[in-house]
Amino acid sequence: MDIKITEELNNTLKDNGFKTEEIKELIANAESSGQKLKAREGDISIAKGGSDNLTVYAVYSPSELLDVYAHKMNILGLTGGELNEIDYDDASEWACAKCGEIALERNVDMTYMGVTRPGPGLVCPKCNEFYVSDGVARTLKTAEAILEEKRA
Amino acid sequence: MEQIGTVRSLCPQCLAKIEGVKYVEDGKVYIMKNCADHGNFINLVSEDVNHYLQMEECFDVDRAKARSPLTETQRGCPFDCGLCPSHKQDTCLAVVEVTDRCNMKCTYCFANSSMDESLDPDMDTIRLMFETVKKCQNEPTCIQISGGEPTIRNDLPEIIRMGKEIGINHIELNTNGIRIASDQNYFDRIAAAGVDAIYLGFDGVSDDVYMQRTGRKMLDVKTEVINRCEKAGIGVVLVPLVAKGYNLHEVGSIIDFAAKRVPAVRGVHFQPVFHSGRSPSDMKDKVTILELLQEIEKQTNRQLKVSNFTPALMPHAHCGATCLTLIDNGGYLPLTNVSLGAVKSASDVASKTKKSIMGRWKGLEKDSNSGSSCGDLLIKSSCCEKPLSSLTVKGSCCEKPLIDILPKNSGSGKDKSGGWADFIEMSKNNYLTISTMAFQDAWSYEQDRVENCCIHVVTRDGRFIPFCNYNMTDCNGNSLYRNAT
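If you're matching them up, the sequences are chains A and B in order. Under this note's numbering, the first residue of the first sequence is numbered 19, with each subsequent residue one higher. Under this note's numbering, the first residue of the second sequence is numbered 3, with each subsequent residue one higher.
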């Protein structure tokens, strides 16, 4: 899969310390394993990868890389521990590419530097995989920075 | 008994320099020292050697020396203060005493203040003291106006204004609050002169406590000071002296009281009793840092734990401990934890402490766009916690990077409160610094600690003397420096 990266996005990647090769590898892994979210309408995917200390997400179409973001927080699991009944429609516009289940919008517990709080995640109920949107990731980044600064 | 170190100390009887050892017995840390003329002295330092050593491990600061020493090293520490060239640490807070007089007669008082006639320094002398700070302290300059009770002076607003004109960056006022609570016009003039923070003596949340130390009810006075400061946008730090048999049982209530008044109240700074100056003579009232932290843990129902207190922002690992906590719907969400290890930072202890004094303890920035660091990068409200699905990630939108596409409406009703967006919102102003500083007396004195001290009293002849040395008295009340300068 040959993915195009615009110069603008490439600069953003560099500014944020992402390596193009790593992003390409992350996408290649998602494509071969099938572990990714796929838009229920359209041709956009979200792949995730990274290490224990950093979760990286790539948003892409078959031809182009659209966005890359990350969070340092560690997702512990569903808030409340299990998939409880809820009184709203939690179906997202994404589906798990591996099992085909519709990903649910559910709160997940995220922890960083000793502080744990819930935040909205995209959850595959079957594979028990958790994803975070770019907007949430930006909120998390700010929270991470606050925790890092306040400790010093 | 296991020896874990040696100490250079003083004899509590004659203030002669003597040597001693630091040792562990039954898990507790003690200092034992011997004076050839006056015998052995033993002082409890910590109830738990593990905690004691953990604080050392967690303590890691770069140091910056004062810009220029003002005295020579001749007899050695603590006899050459001014500062002398062997002092290892620049000033983070310069204490300027503008009077010896006081309108209270507390049973405890390291300053040994009284209503006795004494000569207050005149404006020229105070100017010299301010200018000395400006000349010797690295930028930014922080001053605490102290005494005696500074508000006894009618010209205090002019003193503060003069400090600001000289270019002192931060001026806080140490006060018992009586005059501020009763004289609005006087307070308005202090506020207009540019005072940055009020350092308010606050020993408890019940009048029983105040009756013991001061012989009068004071809680209404303290509350009124906070009310007035809140209106004026001036931050308040509550400063309890802590002693056993006095107010140790109220430390949790004091923190709870402070939490309810955040952000008007920026911090609580506990000062365990030390036996310099005037104090009841027996030593049974002493409280170690660990003992205080354990009480805080117990009295806050373990919301704030001993492990949330780190030696950050202190001149020395054993001078105190600090916890920064968010106030979360009446509960606490501590941000600091000793298990996270040493704080790595390029900045030295004085500048870090100054940042703390100026930033965390100052009033709220009137202009919300200036001031508070990363809290400002905020994504407005909680809209960004909306799940990706509400972003239209289809067709044409993808010409733009996804990051530009934000939902217009915030809060789908699905966002639960208590999430990370709330955390950020809360971080902007709803935090409280809880700290303790263990001042040294002739019994607990360790030269290593005082050589690294960053809180310095400015004398009328323009010298700097580390706080604990300045206030040091022998067991008969004779001063090393205070009355001699």
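Honestly, the hints are just simulated from the structure, not real lab data. Don't take every hint at face value.
Unchecked claim - Label-pair distances were calculated between CB atoms; the ranges are: (1) Gly60/A x Gly235/B: 48 to 54 Å; (2) Leu94/A x Asp28/B: 36 to 42 Å; (3) Asp20/A x Asn140/B: 32 to 38 Å; (4) Glu166/A x Ser184/B: 55 to 61 Å; (5) Gly235/B x Glu167/A: 47 to 53 Å; (6) Asp64/B x Gly60/A: 49 to 55 Å; (7) Thr8/B x Asn92/A: 40 to 46 Å; (8) Glu160/B x Glu26/A: 32 to 38 Å; (9) Glu27/B x Glu167/A: 27 to 33 Å; (10) Thr8/B x Asn34/A: 38 to 44 Å.
For each residue, glycine too, the CB sits at the ideal point set by N, CA and C.
- [ ] List in ascending order the numbers of the hints, as given earlier, that are violated by the structure.
- [x] Hints 3, 4, 5, 8, 9, 10 are the ones this structure does not satisfy, whereas the remaining hints hold.
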